[in-house]
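Chains as they are written, first to last, in the working numbering: chain A, 1 to 143; chain B, 1001 to 1733.
Derived by calculation from the structure, the hints in this document are not laboratory data.
Keep in mind that the hints are not guaranteed to be accurate.
[Unchecked claim] Derived DSSO-like pairs: lysine-lysine, alpha-carbon spacing no greater than 30 Å straight-line:
{"#": "1", "chain 1": "B", "residue 1": "Lys1023", "chain 2": "B", "residue 2": "Lys1119"}
{"#": "2", "chain 1": "A", "residue 1": "Lys90", "chain 2": "B", "residue 2": "Lys1023"}
{"#": "3", "chain 1": "B", "residue 1": "Lys1627", "chain 2": "A", "residue 2": "Lys90"}
Since the model is a prediction, treat every value here as computed from it, not as a measurement.
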Amino acid sequence: MGDVTHELPDRIPTRLVINGVSHTLDLLPWTTLLDALRDHLALTGTKKGCDHGQCGACTVLIDGRRVNSCLTLAVMKDSAEITTIEGLAKDGALHPLQQAFIDHDAFQCGYCTPGQICSAAGLLAEGRARDADQIRELMSGNL
Amino acid sequence: MNGYVGTPTSRVDGRAKVTGAAKYAGEFTADRLVHGFVVEATIPRGRIAQLDTSEALKVAGVLDVLTHANRPSLADKDDAWKDEVAPEGSPFRPLYDDTIKFNGQPIALVVAEEWATAKFAATLVRIDYEQAEFATDLEAERGGASEMDKPHKPRGDAAGALAAAALRHEADYLIPTEHHNPMELYATTTVWEGDGKLTVYDKTQGVQNVQKFLCGVFDKKPEDIRVLSPYVGGAFGSGLRPQYQVVLATLAALALKRSVRVVLTRQQMYGLGYRPMTIERVALGAKSDGTLDAVTHEAIAVTSRYEDFARNDTGWAEQLYSSPNSSFSHKLVHLDVSTPSDMRAPGAASGVCALECAMDELAVALNLDPIELRLKCYSDRDQSENLPYTSKQLRQCYARGAEAFGWGRRDPAPRSMRDGKELVGWGMATGVWEALQMPVAVRIVLTSNGHAEVSCAASDIGTGTYTIVAQVAADALGLPIENISVRLADSTLPQAPVEGGSWMAASSAHAVLGAAEDIRQELARHAQAMPSSPLAGVDAQDIILAEGTIAKAGERGRAISIADAMRYGKLERIEKQKLNEFPEDKSHARNTHSAVFAEVKVDEELGVIRVTRVVSAVAAGRILNTKTGRSQIMGGVVWGIGMALHEETVMDHRFGRIMNANIAEYHIPVNADVHDIDVIFVDEPDTHINKLGVKGLGEIGIVGVPAAIANAVYHATGKRIRRFPITLDKLLG
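Sequences are here, hints too, so could you generate the full structure?
Spelled out as structure tokens, the structure:
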């Protein structure tokens, strides 16, 4: 390898509170929340399907709101409360949405599923979906 | 059999998938793992004149940039690059030399400590090309098409009968290029185990296919490479052949002697396989009573310049519609693009779409109900080989589907039905696919605590293989399904072909039965040998496994627990491995069928089309799992909506480059596009095809759906759109 002339920017200490557990990471500023979860914390339940905010597979809940983690820089979420698919089940008991997805076979390969479930949990909290058509519309960010 | 087969059993891997515990290829990690990012070509044909990696190498954290000029050794013979499903030709070899064969071809791999660093450094790789003349436009190059082997023999004199027909319909239907777009990005994590040994986690539909391929490409011994894909985030045919990222990750691991992960971007995945753009020319000649006298179907499809990819687009009328005269041809146009690949119901999804639109047009011309026309032409035999079917309940599909849909209330006149300001259209079509079965081996290890592990190299790409294997094993071994654990998709497990063609359900289920039968025989032997055995003197064939016991059929009081029999035999475990091969039998044709009914509502001012209802009535033998089976068909229906209305890979032929290589501009149905889907499984007992009467469901769900929707659009609007997808500009134009 030749001389390094493209130095990387300084790493930024970042505190991420994920599923109630605090993690402090030294991250390059361009690291997305999605890559921080998957590559730095081995929380691979959050999926990468496009990295462009087009598919919703990376949906997580930040302070209760559903967010595409691929469009979110990790450093911007210092100290925010982040819930991923790994944090929805409590003490081994599945979240009702998780159980409903199993009971109704609402997935096949399972790759969009964590994003669908997190998005559905966010949608419930929003209180905007009153009928099936509204659910379809408001879940259309998740392919 | 005690009752899991045929029930709506929930997926046994469901918990792993809803909790995020299921790990896919790009999610396995290793000590000192590094990341590769692909640099791809931006011209469709030519050569690399100069490739300058010096700036990329100056980025802190970059370890290497692999190119054709500095890579480790790769096999130089085509045979080494041919996987078990490769078409005729000379397979593509990534980073092999300076030749550019298609836009998006990988030409360098930047390897860095972090993925984002590699991605940044990849932007600093400079490439100068010598561009050559190229062609990427099928319609412009149609005249240069070359004839492939005919899929079916001609019968009678189709041309003569067509010319003499009382009524003739002839048209071109255009199926555009479509990409699979599985939700999971193509990825490989190659783990360097030391001494040149590698464990490869790959997104693939066939771990043993990839394992053999890598051994050939890298001149490795079988024991040096192990390939796994425990979970696959969709593939739909795109993962049948090894994809280039598995070569690049493995190449980099060997070069750096480190573990390497390569994940393609969504855009890069448009450089993999695809459903080839195809011009489907169908001609139907009918007598005035609505019976067919002639069918011809010619397909002209895209392939690459280096491989001849061709599927059976045109032969399906031989199975569906009785006609004394028929002829078929399949032609290829070689263009400067990557090789197409199998994509859900390859051949049939495109070819049957055209055939079923043509049948609808003929029904209109004959003033016949579309179902009535199909019943007039109904064929009880596969005409191409003149064979009866093992089973064919297509008539029942028409009847049950029509009833559920309310077809009898249809006013046949176009533009006759309305709902407020929307036009309403009802259309239908037939679906057909093959019921294939392949040799598969399964190993069952039964332990004395009544737990069984069932293992096989087959993949589960979301189809439900884990679950049906557990169901069949639980029934055959007489154990609760909770006591069955299933291991799949590891190249060291018993033999399986790639998961595709709808053959894995029947094939894996019968392999489980074979291994379970050997377990039954051994348990029966031990049970009968026990002192004062209640099974003494019972014919071995009358001994069954049920409820954790070895028992006499019909006399359940005469039973011994599995645990007792194994204890008596001083066995901790019984291990049986069996290869199941289906006897060759050319006496019958084997197919699945469907009748698809669709309702569309069209806003004529805006051209917006909504598919408000679909009924799919499927005859596919015995359904192993009605819950996962229904999901399979629903998935096919949703994809059929996409094929009819949304999906199209758009090429700018001035640059030979795809313009919508992302999933915002490559449209697929979203939740708001999908409304009421009713899946009906028609009873279809089949004692001939195999012991369980299973046919497979992977492909049949999509076949016929795009045509049913297109026919509904015609019924709603009076406009016949023959270029798919049916977008609003075509409707307004």
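For this session: Would you mind confirming whether the straight-line C-alpha gap from Lys1627 of chain B to Lys90 of chain A stays at or under 30 Å?
Result: Cα-Cα ~27 Å, so holds.
Problem set entry | Distance restraint between Lys1023 of chain B and Lys1119 of chain B, which requires alpha-carbon spacing of 30 Å or less | The given pair, whose Cα atoms are some 23 Å apart, holds under the 30 Å limit.
Exercise. Is the straight-line distance between the alpha-carbon of Lys90 of chain A and that of Lys1023 of chain B 30 Å or less?
Worked result: holds, 21 Å
Of the hints listed earlier, there is not a single one the structure fails to meet.
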